[in-house]
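Using the sequences plus the hints, can you model the full thing?
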Amino acid sequence: MIPFDFEYYRPDTAEEAVSTFAKLEAEGKEPVYYGGGSELISMARVGSRSFGAVVDLKNIPECRAMEDRGDHFYLGAGLTLSDLIEWNGFPLLSKTAGRIADHTMQCKITLGGNLAATIIYRETALPLLLSDAKLTFAGADGLKEYDMDTVFQERLLLPRGEFLAGVTLDKSCFSLPYFHEKKTRNEKIDYPLITAAGLKKGRTLRIAFSGLAAYPFRDAEVEKILNSSFHSRERRADKVVKCLSDIIQSDLSGSAEYRRFVLKETILNILDTMKGV
Amino acid sequence: MYSLKEKSVIQLNINSEFKDVVISPSDILLETLRGQLGLTGAKPGCENGDCGACTVLVDGWPVKSCLMLTVEAIGKQITTVEGLKDAPIQKAFIEKFGFQCGYCTSGFLMVCHALATIHPNPPDILIDDWLQSNICRCTSYEEIGNAVRAVLSGEIS
Numbered sequence: 001m002i003p004f005d006f007e008y009y010r011p012d013t014a015e016e017a018v019s020t021f022a023k024l025e026a027e028g029k030e031p032v033y034y035g036g037g038s039e040l041i042s043m044a045r046v047g048s049r050s051f052g053a054v055v056d057l058k059n060i061p062e063c064r065a066m067e068d069r070g071d072h073f074y075l076g077a078g079l080t081l082s083d084l085i086e087w088n089g090f091p092l093l094s095k096t097a098g099r100i101a102d103h104t105m106q107c108k109i110t111l112g113g114n115l116a117a118t119i120i121y122r123e124t125a126l127p128l129l130l131s132d133a134k135l136t137f138a139g140a141d142g143l144k145e146y147d148m149d150t151v152f153q154e155r156l157l158l159p160r161g162e163f164l165a166g167v168t169l170d171k172s173c174f175s176l177p178y179f180h181e182k183k184t185r186n187e188k189i190d191y192p193l194i195t196a197a198g199l200k201k202g203r204t205l206r207i208a209f210s211g212l213a214a215y216p217f218r219d220a221e222v223e224k225i226l227n228s229s230f231h232s233r234e235r236r237a238d239k240v241v242k243c244l245s246d247i248i249q250s251d252l253s254g255s256a257e258y259r260r261f262v263l264k265e266t267i268l269n270i271l272d273t274m275k276g277v
Numbered sequence: 001m002y003s004l005k006e007k008s009v010i011q012l013n014i015n016s017e018f019k020d021v022v023i024s025p026s027d028i029l030l031e032t033l034r035g036q037l038g039l040t041g042a043k044p045g046c047e048n049g050d051c052g053a054c055t056v057l058v059d060g061w062p063v064k065s066c067l068m069l070t071v072e073a074i075g076k077q078i079t080t081v082e083g084l085k086d087a088p089i090q091k092a093f094i095e096k097f098g099f100q101c102g103y104c105t106s107g108f109l110m111v112c113h114a115l116a117t118i119h120p121n122p123p124d125i126l127i128d129d130w131l132q133s134n135i136c137r138c139t140s141y142e143e144i145g146n147a148v149r150a151v152l153s154g155e156i157s
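Just so you know, the sequences run in chain order A and B. Heads up: the first sequence is residues 1 to 277, going by this note's numbering. Heads up: the second sequence is residues 1 to 157, going by this note's numbering.
It is worth saying that the hints were derived from the structure and are not from the lab. Treat the hints with care, since some could be wrong.
[Unchecked claim] With beta-carbon atoms standing in for the labels, derived distance ranges: (1) A:R69 with B:I125: 43 to 53 Å; (2) A:K242 with B:C138: 45 to 55 Å; (3) B:S8 with A:A22: 20 to 30 Å; (4) B:F97 with A:E221: 53 to 63 Å; (5) B:I118 with A:K264: 38 to 48 Å; (6) B:I118 with A:F4: 30 to 40 Å; (7) B:E17 with A:K275: 55 to 65 Å; (8) A:D68 with B:T40: 43 to 53 Å.
[Unchecked claim] List of simulated lysine-lysine pairs, DSS-like, C-alpha gap at most 30 Å: (9) A:K29 with B:K7; (10) A:K264 with A:K275; (11) A:K183 with A:K201; (12) B:K19 with B:K76; (13) A:K23 with B:K7; (14) A:K23 with B:K76; (15) B:K5 with B:K19; (16) A:K264 with A:K239; (17) A:K58 with A:K134; (18) A:K242 with A:K201; (19) B:K5 with A:K23; (20) B:K85 with B:K19; (21) B:K19 with A:K58; (22) B:K7 with B:K76; (23) A:K29 with B:K5; (24) A:K171 with A:K275; (25) A:K95 with B:K76; (26) A:K58 with A:K171; (27) A:K201 with A:K29; (28) A:K224 with A:K264; (29) A:K58 with B:K7; (30) B:K19 with B:K91; (31) B:K5 with A:K58; (32) A:K29 with B:K85; (33) A:K58 with B:K91; (34) A:K201 with A:K239.
We put the beta carbon where it would ideally sit given N, CA and C, even for glycine.
Dropping the structure here:
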């Protein structure tokens with residue numbers, strides 16, 4: 001049971017959603033945008049989050065769309081992880097979505113909800129960071145497109161009152177060799193000790209992590225080290241661990257020391273798998 | 001734009017029947033199914049999306065009803081275990097001994113039924129992925145796997 005009341009709104013257009021949110025905000029109702037709702041319901045139930053109104057985005061066409069746009073592909077932020085898995089057009093994204101929570105939860109969690117979540121892992125950000133995705137925000141001035149690395153720095157930098165409508169992907173990334181490895185403490189379905197996702201473009205390996213630090217990230221220095229093919233695999237793995245040492249987190253899933261060990265093994269595995277790097 | 005600001009009567013499509021229920025916007029689907037409609041097949045377990053005992057089908061897909069607002073179900077086709085009505089998976093659970101205490105059974109039945117409907121010929125890895133959404137503390141996993149495979153192979157229809 002959620003121990004407080006709130007109002008529910010399900011707008012039919014992005015403009016209606018933004019104006020409804022602004023009106024509720026002006027009335028002091030502390031509205032929230034609502035995607036799949038699993039995080040909001042969980043947090044509301046235990047009293048760690050409260051709100052006076054929810055604006056459900058699931059009926060907005062831009063949030064539900066899945067469109068081939070020539071060289072690019074658009075995915076609405078309201079698509080569920082399960083939608084992404086069944087689509088499988090971008091295998092790295094589908095694979096990543098398929099390792100978040102369990103299958104039934106994947107039928108509820110949305111792409112936008114995962115990217116904008118409070119939870120630190122936000123694993124769908126990894127393939128989007130690696131493929132230079134563009135994000136479409138809906139706000140008072142309509143829809144605006146931004147580069148992923150501009151508006152996702154540790155977390156989604158959404159101005160209050162705006163929401164993520166969708167993601168545009170460069171289709172040339174869909175067929176690139178990829179790597180995805182999620183290490184958990186114990187069970188297959190758990191938060192990541194480390195999730196590493198890689199994409200090989202030409203002879204260059206791109207890599208992004210979740211679970212390693214308190215936020216998902218892609219790091220230029222790490223990629224420079226990984227692609228220094230004149231160094232041995234072992235040397236490169238050690239240098240990556242050293243490079244990231246300051247941000248590696250320690251929590252109930254694993255100590256920073258253990259994460260460093262797992263990171264090194266993961267890097268070695270990546271270098272073995274992604275031949276030619 | 002649809003809105004619900006206070007306790008109101010809404011109509012839901014449950015097991016192919018339209019039912020009127022009185023809900024607040026903050027009501028959870030699991031509570032409405034059990035408390036207002038007497039559909040107690042969906043079980044409250046963890047009530048946090050972890051155990052799967054409350055699983056129902058929403059437009060054919062398995063969803064944990066403890067993490068869905070009732071108001072979200074408007075316009076959707078909701079199926080509970082009461083709506084399966086002697087589906088092959090129910091027979092398979094009996095014949096393959098797919099339960100012990102039975103508390104998790106309705107949730108597992110919904111997941112297995114959805115899998116057999118959406119992916120009639122799934123690879124083993126997909127079966128494992130789908131079944132990992134639910135927990136059986138009596139550990140009947142082997143028998144549950146046998147039951148769903150018996151339906152998928154046509155051994156039980």
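Consistency of the hints with the structure:
no.: 1; hint: A:R69 with B:I125: 43 to 53 Å; verdict: 32 Å, violated
no.: 2; hint: A:K242 with B:C138: 45 to 55 Å; verdict: 48 Å, holds
no.: 3; hint: B:S8 with A:A22: 20 to 30 Å; verdict: 25 Å, holds
no.: 4; hint: B:F97 with A:E221: 53 to 63 Å; verdict: 56 Å, holds
no.: 5; hint: B:I118 with A:K264: 38 to 48 Å; verdict: 40 Å, holds
no.: 6; hint: B:I118 with A:F4: 30 to 40 Å; verdict: 36 Å, holds
no.: 7; hint: B:E17 with A:K275: 55 to 65 Å; verdict: 58 Å, holds
no.: 8; hint: A:D68 with B:T40: 43 to 53 Å; verdict: 45 Å, holds
no.: 9; hint: A:K29 with B:K7; verdict: 17 Å, holds
no.: 10; hint: A:K264 with A:K275; verdict: 17 Å, holds
no.: 11; hint: A:K183 with A:K201; verdict: 24 Å, holds
no.: 12; hint: B:K19 with B:K76; verdict: 12 Å, holds
no.: 13; hint: A:K23 with B:K7; verdict: 21 Å, holds
no.: 14; hint: A:K23 with B:K76; verdict: 28 Å, holds
no.: 15; hint: B:K5 with B:K19; verdict: 20 Å, holds
no.: 16; hint: A:K264 with A:K239; verdict: 9 Å, holds
no.: 17; hint: A:K58 with A:K134; verdict: 20 Å, holds
no.: 18; hint: A:K242 with A:K201; verdict: 25 Å, holds
no.: 19; hint: B:K5 with A:K23; verdict: 14 Å, holds
no.: 20; hint: B:K85 with B:K19; verdict: 18 Å, holds
no.: 21; hint: B:K19 with A:K58; verdict: 23 Å, holds
no.: 22; hint: B:K7 with B:K76; verdict: 20 Å, holds
no.: 23; hint: A:K29 with B:K5; verdict: 12 Å, holds
no.: 24; hint: A:K171 with A:K275; verdict: 22 Å, holds
no.: 25; hint: A:K95 with B:K76; verdict: 28 Å, holds
no.: 26; hint: A:K58 with A:K171; verdict: 25 Å, holds
no.: 27; hint: A:K201 with A:K29; verdict: 47 Å, violated
no.: 28; hint: A:K224 with A:K264; verdict: 16 Å, holds
no.: 29; hint: A:K58 with B:K7; verdict: 22 Å, holds
no.: 30; hint: B:K19 with B:K91; verdict: 28 Å, holds
no.: 31; hint: B:K5 with A:K58; verdict: 18 Å, holds
no.: 32; hint: A:K29 with B:K85; verdict: 44 Å, violated
no.: 33; hint: A:K58 with B:K91; verdict: 36 Å, violated
no.: 34; hint: A:K201 with A:K239; verdict: 22 Å, holds
When each numbered hint is compared with the structure, violations occur for hints 1, 27, 32 and 33.
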